[in-house]
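Starting from the two chains in their separate frames, assemble the complex, guided by the hints.
Single-letter residue listing:
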Amino acid sequence: MLSQHIGAICKPVVNKRDHITTGQLIGNAEAFVSAPIYSPVNGTVKDIALQSHPVLGRAEAIIIESDEDNSPKQPCPDKFSADFDPRRFLPEQIFDAVRKAGIVGMGGAGFPTSVKIKANPNSPINTIIINGCECEPFITCDYRIMLEWTVQILTGVSLIGRVLNCDNIYIAIEDNKPDAVAAFKQAIQKMPSISGIKVVAVKTKYPQGDERQLIKSIINKNVPTGGIPPMINVLVANVATAAAIAEAVVLDNPLTHRVVTISGGGIKNPGNFYAPVGTSVSYLIELAGGLNNDAVKIILGGPMMGFAIADLSTPITKTGGAITILTEKEIGPAKRGQTPCIRCGRCIEVCPMNLNPTKIAHAAKHNLLETAEEYYMSACIDCGCCTYTCPANIELSGFIKTGKILVARQKKLMPK
Amino acid sequence: MAQNIIVSPSPHIYKRHSTQSVMLDVIIGLVPAMIAAVIFFRTKAVVLTLVCVASCCLTEWLCNLLRKKPNSLGDLSAVITGMILAFSVPPTLPYWAMIIGSVFAIAIGKMVFGGLGANIFNPAMAGRCFLTACFGTMMTTWTVPATIDPNMPQVGTVSQVPTVITQATPLALIKEVIKNKSAEQDEKIAAIKGIFKNMFIGSTGGCLGETSSLALLIGGVYLLIRKTISWIIPTAVLGSAFICAFIACELDPQHSVAPWIHLASGGLLICAFFIATDPVTAPLTKKGMWIFGAGVGALTMLIRLVGEYPEGVMFAILLMNSVTPLIDRFTKLTPAGGKPNA
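So the protein sequences, as listed, match chains E and V. In this text, residue positions in the first sequence follow our numbering: the first is 549, and each later residue adds one. In this text, residue positions in the second sequence follow our numbering: the first is 151, and each later residue adds one.
Bound-form chain V, shown alone (with noise of 0.2 Å):
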């Protein structure tokens, strides 16, 4: 009886993962979009994406040492929120804007509440929600991606610079149709309808790791079944955006575009599957996920419809990620056997 034995509370065994190993899989899901952004973006996507990510961790790490905290880099939550910002601005933002936003998204969005499972905002949206005020111009300008379909309709303002070429996202024609109600309007729906195909590959303008709904799908459904996300999210956003679009499309099939070129464009399937599924911002009940999600749904399709801006998903994942406490505690458990008579 040399050994030494272990004393300690049950149970002694244990599932064999760790948050860092949750965190990668959430890194692997974005595999795939990371691949579409460099296919269609080229090296910006690379650089971009790795100044964000290495600022991420860099405030990260300079955070704790002045909270005089062990590093936290090993959970790999930095890493995430640097993609995921990086893949929901414009692949024509300058580097500093991106360090600028990063700072923002570690420093105020996530290690001032406490680091990791402490804050409130999504940190990347809470970065990006900083860059759209700081930099509004230049949070709205669009690049068509390198490997422009030459025959894509040329609508929307197209710059005479032969290196950049700008133009209007998918979401900021469908906007301007609902403010303008122009006569070229149906010229305008019939240019979404004709690139539905390239929105779903991802050769249309936009966030940089947005375009490809096939590559977000792919993530996504990786995650789905590595089961790192819980299903009820993607289905409530998602659903309820449909829902939302599919009455506008009732209501005034002139002026709208069907519900399935809504879900394809802009952020709303980066948010089903990557942004409103982060844990720590999200309600932890199966009902309030349905709550949440339905929410950020509703709130994305209500700013995309009625709002001014052509996007919504930042702004309705903020303002739930700030009702999730509420969400919470009205959707409290009750015990398998019901409440106790007190």
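Only chain E is shown next, with the shape it has when bound in the complex (with noise of 0.2 Å):
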């Protein structure tokens, strides 16, 4: 997969036949707002042509098969210890390797890392979030590396403090993982080195992962509509993202591996796997053992936000952090007959942005594209509560999605 985040995508660097070894480059980030992509495996390129994407459709990909021989790669938690001190690396060592690593955010976004660490003259970063919280019900990746890597992601955070020259730095924890909780506090006071790093527990609620939601519970401040969390001098970042800058800078080991929840009612081992980058669906799902046979929806990502799958041979990215398997049961009826909007208002209810998901869904629906805008269609985050919420069963969030789209498109064929 040559797309595995947001911005330009990447130009293959090898072609088909050759043999390539771990670790080597192989799409190569030209843009500023890209990242740089390397083989997670021995083997040889079978074939660079295009292939299923979660988001995209389909997009260019380079197919590699992997050697009989592969070793595999291993989590490296314990190569970090507790006397590691930031101040070994200048700030701009710590640059140059998250962006020669190809990191991106690992929580769902995809965004380059390299450009969020990016020190701003103008806008100087004053709050660091280390985002520890799920991004969705069902998935626990964050939650097991936040356990067993604590070190490592500590290692990272204190990097990336670092970096931006700031210590006031939160990690926030949902409060249904208590022994997260403890493992960060424990392992603080056993770094002397770091400082400026607390602890926090935040109410467990969906969509508490998403960045905007996080900033307003720990520093009670709101982005700006359309704007990004660095124009409030906040910085957010993934506990996994954190971890890979951490191996990024002390150990130079380019991002080619993340963990994995496959779960769901319709996997029959659930359980978070360590895998690397690329790695078919398919696959994953036979080393958790299969299929149940009541599973009727593949979804790359949460029951929540996430895309359901057709295509199997389908990869994951560098931001899949999770494979949900759902059952009829999880879903409810195949068959959910829409009846029309009663303005119960439960919608706006549970819109964590303040929208008026039904005014906007409806207006997108008939093509009404800028009484959608009006209402502020580009605010909405596609987190789906209202969707999930609404009791005449409309596709609130499918009807935004779309909107947002058409807009999108728009846009392109008349730039202003």
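Everything hinted at is true.
As a list, the in silico DSS-like pairs of lysine-lysine whose alpha-carbon atoms are at most 25 Å apart:
1. K751/E / K764/E
2. K751/E / K733/E
3. K913/E / K482/V
4. K218/V / K913/E
5. K746/E / K666/E
6. K764/E / K437/V
7. K769/E / K746/E
8. K165/V / K753/E
9. K165/V / K949/E
10. K489/V / K769/E
11. K751/E / K165/V
12. K769/E / K482/V
13. K959/E / K489/V
14. K913/E / K219/V
15. K482/V / K949/E
16. K489/V / K913/E
17. K489/V / K952/E
18. K194/V / K347/V
19. K769/E / K437/V
20. K764/E / K725/E
21. K559/E / K960/E
22. K764/E / K666/E
23. K764/E / K436/V
24. K725/E / K746/E
25. K436/V / K769/E
26. K949/E / K489/V
27. K377/V / K753/E
28. K489/V / K764/E
29. K436/V / K165/V
30. K648/E / K621/E
31. K753/E / K436/V
32. K764/E / K482/V
33. K377/V / K751/E
34. K877/E / K165/V
35. K489/V / K960/E
36. K913/E / K165/V
37. K952/E / K482/V
38. K594/E / K559/E
Worth flagging that the hints you see were computed from the coordinates, not collected in a lab.
So, in structure tokens, the structure goes:
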């Protein structure tokens, strides 16, 4: 997959039938807002062709056939120790290492991390929030690494603090994971050279893992509509991203693997897997024992925002922290009859962005894009809460997403 | 991999409820009032309610048939319209009038607009309004409940026919006091004050399902606990009505009754919990709900205290229904992050 992040698509730098080794650069990032891609295995390039992509439908990918004698890469949390001192590295060194390693936001957005940590003298970051809140129900990959890679994550966190010259750092963990909170508090005490890191337990709710909600929960500030967190001097990074930064800076390892949660009632042995980026969904399902007979939906991501896929050869990407396989019992009746909106206002009540989903969705449905924009359609974060709660079974979130795509297309056709 | 896989937009999980279950909750909320009606008005209550509900459902079914639309009886909203309409008319109303009211409520009040979700006015109130316009006398003739308290003071027009005793409702008495300011006013005020307990339980003259404050409160609390209705509208309706009644009481204590008597009388409680909270005809936003509720309460009291009619709930609801789209527009929500800098 050459598109694993927000921003410019990578250019392949290998050819068909080339033999490549683990950690070799295969996709080069030329633009600033982009991230290079490295091979996670030893193998042969089988093809460079279009492949199913969870978000884009189809995208160019480098298909690698893995060598049979590959020794799989193992997680390396034990290579990090409590006496780590971030001052060993200069900010420029950290930035270069992150850029080179191809690190992107691993919570799901996939924004190139190097862009985020590039110090901007006009709006310096004064608060860093490390997001340890799972983005969705069913997903536990961040939880596992918080328990097992605590020191590695803290190393990464201190490096982010160092590169941005900021020591006001919060690690946010949902309050249903007291063991993770305790693990961090203990580990911080044992690390003498890091300071300013506070561990906060936040309320367990969806969508707490969204950066806007998290910023609101922790420092009670709203990110301006249409804006991004740096505008209020905040940076939010996921725990998995922090762990990847630690690996890239200290061990010089590019980002080639990530933890993936495979869960849901439709899988035989749900669990968390340390998988090479690019592994196909079908292989991961096999590893987790295969599908149960009543599995009806295979979702890349979680149940609220994930993408239902039909092609199991779709690979996981740097951002794909989960595969959720749901049964008919979990998704409810397959044929959910949609009834007219009764204006009950439940969608408004649950909207974390304080929007009017029914108004926007109905405008978008009837192609009244201007009306939809008047009601701030673009401020929608696609969390799906409105559809979840709608008693009339209206696909509010689906209509709004379609509306946003239509607006984006219009803007492309008619530039100002 | 023999399974069929479903591909659809996210989210992939849903809350287990539906329009039908929401409506069913409202019906359950109306059950205490139904029970009270049966206790106080006996078989009449049962038959009237059944006639209303049946003709509402039949009308909706026929309208869908004519419009070649799928049957929509399953959403149960016609049942609620029927129940509320039956509850808001005098028990003496003949069945044929009830049928006319029901047909109007569903056909003109709801279906011509496009069915559930598209109507501007509360269908039950539209139906009742039609009945008031057509059969004014019948709509203001009240029966004393079958289980009348023998100690209840006999004031107002008492008919001599032994089987049906008609009597002015507490609100009609209040109106007489305000309008005539006659010599008997003290007696009447005292009478109303004397029957406050009856008004709370429900054994006074009045509309079928409106007399028992207790039953309506139980139903209302059920809806609030189930979060079927928002607490804002009932609070706003009752709050603004209370304030208006309080001001009236302060201005002219001799000719006014205490605010809580106003809250317990007429259709104010059924309005606050069941009619004003009809989601279709009420505003969407929280701020809008406050304005709407306050408007309903204030208009009701204005009609009761100054207007020609003893009761103003119906007109208050219909008037506020008509400005709901405006309220929605004025209370447009601002996103959490503030307005974008255009």
